[in-house]
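The listed protein sequences correspond, in order, to chains S and P. Under the numbering used here, the residue at position 87 of the first sequence is numbered 87, and the numbers go up by one with no gaps. Under the numbering used here, the residue at position 225 of the second sequence is numbered 225, and the numbers go up by one with no gaps.
The hints are simulated quantities; they were obtained by calculation from the structure and are not laboratory data. Watch out, some of these pointers could steer you wrong.
For lysine to aspartate or glutamate, the following EDC-like pairs were computed, each having C-alpha atoms within a straight-line distance of at most 20 Å [claimed, not checked]: (1) P:K176 with S:E165; (2) P:K297 with S:E221; (3) P:K397 with P:D412; (4) S:K126 with S:D110; (5) P:K376 with P:D413; (6) P:K320 with P:E264; (7) P:K297 with S:E249; (8) P:K89 with P:D48; (9) P:K297 with S:D147; (10) S:K237 with S:D147; (11) S:K213 with S:E165; (12) S:K168 with P:E203; (13) P:K345 with P:D324; (14) P:K363 with P:E37; (15) P:K397 with P:E112; (16) S:K113 with S:E221; (17) S:K213 with S:E139; (18) P:K21 with S:E139.
Nothing here was measured: the structure is a model prediction, and the numbers come from that model.
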Amino acid sequence: MELKTIQTPRVPVRYYEGGKGKPLVYLHGAGGILPADPFLAKLAQKFHVYAPLLPGYGDSQECGAMRDMLDFTLHTLDVVEALGLKDPILTGHSMGGMIAAEMAAIAHNDFAKLVLVCPAGLWLEKHPIPDLFAMLPYEMPPYLFHDVEMGTKLMTAGVALNDPEWLKGFLVMNARQMGMAGKILFPIPERGLSERLYRIKAKTHIVWGASDKLIPPVYGEAFRQAIKGAQLTIIPKAGHMVTLEQPDELVTALGYLG
Amino acid sequence: MKFTWFNLMPWPHLPDDFREKHRSVWVDIDSRLFDAEKSHEVYNTYMDLLEYAGTLGFDGIGVNEHHQNGYGIMPSPNIIAAGLARRTKDVGLVVLGNSIALYNPPVRVAEEFAMLDCISGGRLVAGFPVGTSMDTNYCYGQIPALTREKYLEAHDLIMQAWHNPDPFAFNGRYNKLRHVNIWPRPIQKPNPPIHIPGGGSVETYDFCIDNTYSYSYLSFSGYIRGKALMQGYWDRVAQRNAPDTSPYRAGFAQTICVADTDEEAERLYSEHVLYFYNRCLHVYAGFADAPGYRTIKTIQTGALSQYAPPIDGYAHLTWKDLIDGGHVIAGSPETVRQRMEELIKGLRVGNIFCLMHVGNMPKEKAMYSTQLFAEKVMPKLRHLYPEFADDGRFWCKPMQAQVKPGSLPRADDAARLARA
Numbered sequence: 001m002e003l004k005t006i007q008t009p010r011v012p013v014r015y016y017e018g019g020k021g022k023p024l025v026y027l028h029g030a031g032g033i034l035p036a037d038p039f040l041a042k043l044a045q046k047f048h049v050y051a052p053l054l055p056g057y058g059d060s061q062e063c064g065a066m067r068d069m070l071d072f073t074l075h076t077l078d079v080v081e082a083l084g085l086k087d088p089i090l091t092g093h094s095m096g097g098m099i100a101a102e103m104a105a106i107a108h109n110d111f112a113k114l115v116l117v118c119p120a121g122l123w124l125e126k127h128p129i130p131d132l133f134a135m136l137p138y139e140m141p142p143y144l145f146h147d148v149e150m151g152t153k154l155m156t157a158g159v160a161l162n163d164p165e166w167l168k169g170f171l172v173m174n175a176r177q178m179g180m181a182g183k184i185l186f187p188i189p190e191r192g193l194s195e196r197l198y199r200i201k202a203k204t205h206i207v208w209g210a211s212d213k214l215i216p217p218v219y220g221e222a223f224r225q226a227i228k229g230a231q232l233t234i235i236p237k238a239g240h241m242v243t244l245e246q247p248d249e250l251v252t253a254l255g256y257l258g
Numbered sequence: 001m002k003f004t005w006f007n008l009m010p011w012p013h014l015p016d017d018f019r020e021k022h023r024s025v026w027v028d029i030d031s032r033l034f035d036a037e038k039s040h041e042v043y044n045t046y047m048d049l050l051e052y053a054g055t056l057g058f059d060g061i062g063v064n065e066h067h068q069n070g071y072g073i074m075p076s077p078n079i080i081a082a083g084l085a086r087r088t089k090d091v092g093l094v095v096l097g098n099s100i101a102l103y104n105p106p107v108r109v110a111e112e113f114a115m116l117d118c119i120s121g122g123r124l125v126a127g128f129p130v131g132t133s134m135d136t137n138y139c140y141g142q143i144p145a146l147t148r149e150k151y152l153e154a155h156d157l158i159m160q161a162w163h164n165p166d167p168f169a170f171n172g173r174y175n176k177l178r179h180v181n182i183w184p185r186p187i188q189k190p191n192p193p194i195h196i197p198g199g200g201s202v203e204t205y206d207f208c209i210d211n212t213y214s215y216s217y218l219s220f221s222g223y224i225r226g227k228a229l230m231q232g233y234w235d236r237v238a239q240r241n242a243p244d245t246s247p248y249r250a251g252f253a254q255t256i257c258v259a260d261t262d263e264e265a266e267r268l269y270s271e272h273v274l275y276f277y278n279r280c281l282h283v284y285a286g287f288a289d290a291p292g293y294r295t296i297k298t299i300q301t302g303a304l305s306q307y308a309p310p311i312d313g314y315a316h317l318t319w320k321d322l323i324d325g326g327h328v329i330a331g332s333p334e335t336v337r338q339r340m341e342e343l344i345k346g347l348r349v350g351n352i353f354c355l356m357h358v359g360n361m362p363k364e365k366a367m368y369s370t371q372l373f374a375e376k377v378m379p380k381l382r383h384l385y386p387e388f389a390d391d392g393r394f395w396c397k398p399m400q401a402q403v404k405p406g407s408l409p410r411a412d413d414a415a416r417l418a419r420a
C-alpha cells in the first residue's frame, strides 16, 4: 500500500492506495489505520483499495472546520470525488461504517454497493454502548477483541508510559484522532442516522464480529432491519476488531457483493 | 493582597473504605452515598462558615461549580452566592465561576451574574472557567474538541450582553438569538472583574492576558508544584508584552490550616486533610481529560505531565508528605506566614483563594483555623506588593451606600406609613 495525498475543498487528505480489481473505498474506525495494516493488505489482494485518513489521523492535517456529522459526510464524499471514483464499493468499519452509511443515505444514487463492518451510528436503549472515551487503554481489549490476550499484546506493543516523550506523543496522537472522532461519537455515538437509513439504495452487506462487546451484534440486526434488502453476516471468533481478528473471513464477506 | 475564603463544599460523609469500594468521587459517584437530610445541615453549615469568614476581614468569600462530585456539592454556585449576598456586607462574592459553555443560552450567566451584582451592591467577582473535563465533557456531554470554541463564543455573547445598551442579534455557531437585551444589568461598569480558573492551557493564559482578566490556578497540589505552571503564565505575560506584571493578574488556591503550634495543627487537622486527599481526590483516571479537550499546543508544552498529580495519586501521602511537598500549608501562625510569603513571592500572586475548610473538618475547627489566619497571618501579608496596591482592575467595586437586607418596617408601622 502506498500513502499518498490528495487535495479536497476543505483540506489535503492522506490516503492509502494499493491492489488491483474493482475500486473499493475503506473508511477506518476511531482507532485509525495501523502502519502496514494487515487487513488493508489482504483487501488489496482482491480490490483496488483507497483508504483515506480522516483529518487529524496519522500524519494528516487537522480540519477545525469539520464539526458535525454533515461535515464528515460531505467531506468524505468530497474525497471520493477528488479520487475520481465512480460508484466504488463503499466500506467502513465502526466510525467509518457510520460515515459510510450516512454517505450512502445522503448521496443515495452514487453508491450501489455498501459494506458496513460493525458500524457505529445507532443507539438502542436496552443495549447502551460502553463509553470508549472514559476507558484507559488497558481497559479496552476486552471490549474490542474476541482473543483478549492477543488484543492486549497488540495494544500494548511499544507502550512506554514512564517515558515523558512517548507519553507526549501518545497524548498528541490521541487528541488529534479521538478528538476528531469525538465530534461524531462523543458522548453518545448517535447523530440521527436511524432517521436516514431508509434512503439507502445500495445493496448492503452488514458484517459483525460475534464477540463484539463494544457495539454488540444486536446492533447488526437493527441495521439489517433499517436498510432495505440488507444482509447480515456474523463472523465467529471475532470481536469489534474483526478486521484484525478474522481478516480472511471479512474479505470473503466483502467479496459477496462482487 | 486579596484573600478569599473559599469553600469547595465537600461531602463530609464518605465512608472509610470509599477508595476500595468506589472507583471515582466524580462523574459516576454512587448516589446512595448522598444523604439529602444530612445535606440540609451540611449546606447550612458551609454557608454559615462563608458568612463567618466574611466578618473577619477577608476580601472575598468564594464558591465554585462542579457536577456529580463528592468534593463539591455545588452544581450551582449562584444559588449559594445569592444566599450569601443577603447575609453579608462589604465582602466580595467570588463566584469562580460559571462554566459558561454549559449554559444554554449563556445569556443566563450574564443575567444571573447581573442579579448577584445588583443584590450584593456591586460585590461580585465573576469567574468564567472553561470547566474541567469531568464536569464539561463527562457530566454535561459537551464535545471535547469543540468545548473551547463554544466557550469563547459564550464569553463573547456575555460581554456583548453586558456592554451593549441596545437590543442586538447574536448569530453564533452555537447560539442564535434574535433579541439579546438582558435585564437586569450589573452595577459594576463596564462589567464585574473577571477571573479565569485554568489548569495550564496556553490558550487560557493568552485569553487572560489579552482581556485583562486574572488567571487563577486552582489546584490541590500546592505552591511548590504550582510554581512551574505559574512561571509558564508569567513567561507568557512577558512574551505578549502585557503593559505590566501586576501580581493581581494571577491567583492561586492553597489549602491552609492554622493552629497555635505546628504540633497542634497536625493533631487537629491531619484527619480532615487526609480525608480530602485520600477520599475526595479519588477520581477515576478515565475521566481526567477527554481526548480533544486539551489542545495540541498545550500538550506539546509538556505541561500536563509536569503539573499533573503524582502518578500514583495522593492516597499514599502522609501529613508530613503533604506539608513538605507544599500541598498543604499548616502550622503555627508564624509557620504559615513564612510559607505563605514564599508562595506569594514565589508564584507572584496577588489573589489567594484560601481553602480553609478541608474535607470533613467540623465547623469548630474550621472557625478556629480561620480566625487565627485572619488575625495573626493575614495582616502580616497584606503589605506585600505595595507598588500595586492601587491596582483595582481585578477586584469588585461595591457601592458606597448599601441597603441593609431585612430592613422592612414593622408590620404595624407599615400600616401606619402606608396610610399616611
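Exercise. Given the hint that K320 of chain P pairs with E264 of chain P, does the C-alpha gap stay at or below 20 Å?
Worked result: holds, 14 Å
Exercise. Within a Cα-Cα threshold of 20 Å, do K168 of chain S and E203 of chain P meet the stated pairing?
Worked result: Holds, at about 18 Å.
Exercise. Given the hint that K297 of chain P pairs with E221 of chain S, does the C-alpha gap stay at or below 20 Å?
Worked result: violated, 43 Å
Problem set entry | Hinted pair K176 of chain P and E165 of chain S, Cα distance within 20 Å | Roughly 43 Å separates the two Cα atoms, so the pair is violated.
Exercise. Is it true that the CA of K376 of chain P sits at most 20 Å from the CA of D413 of chain P?
Worked result: violated, 45 Å
Problem set entry | Given pair status - D48 of chain P, K89 of chain P, alpha carbons within 20 Å | holds, 14 Å
For this session: Would you mind confirming whether the straight-line C-alpha gap from K21 of chain P to E139 of chain S stays at or under 20 Å?
Result: holds, 18 Å
For this session: Compare the distance between the alpha carbons of K126 of chain S and D110 of chain S with 20 Å, and conclude whether the hinted pair is satisfied.
Result: This hinted pair is violated, its Cα atoms lying about 34 Å apart.
For this session: Verify the proposed pairing of K397 of chain P with E112 of chain P, using a straight-line Cα cut of 20 Å.
Result: holds, 18 Å
For this session: Assess, step by step, whether the Cα of K363 of chain P is no farther than 20 Å from the Cα of E37 of chain P, and give holds or violated.
Result: holds, 18 Å
Problem set entry | Straight-line alpha-carbon gap K213 of chain S to E139 of chain S, limit 20 Å | It holds: about 12 Å lies between the C-alpha atoms, which stays within 20 Å.
For this session: Quickly compare the C-alpha distance for K397 of chain P and D412 of chain P to 20 Å and report which way the hint goes.
Result: Not satisfied, since the Cα-Cα distance of roughly 37 Å exceeds 20 Å.
The structure fails to meet hints 1, 2, 3, 4, 5, 7, 9, 11 from the earlier list, while all remaining hints are met.
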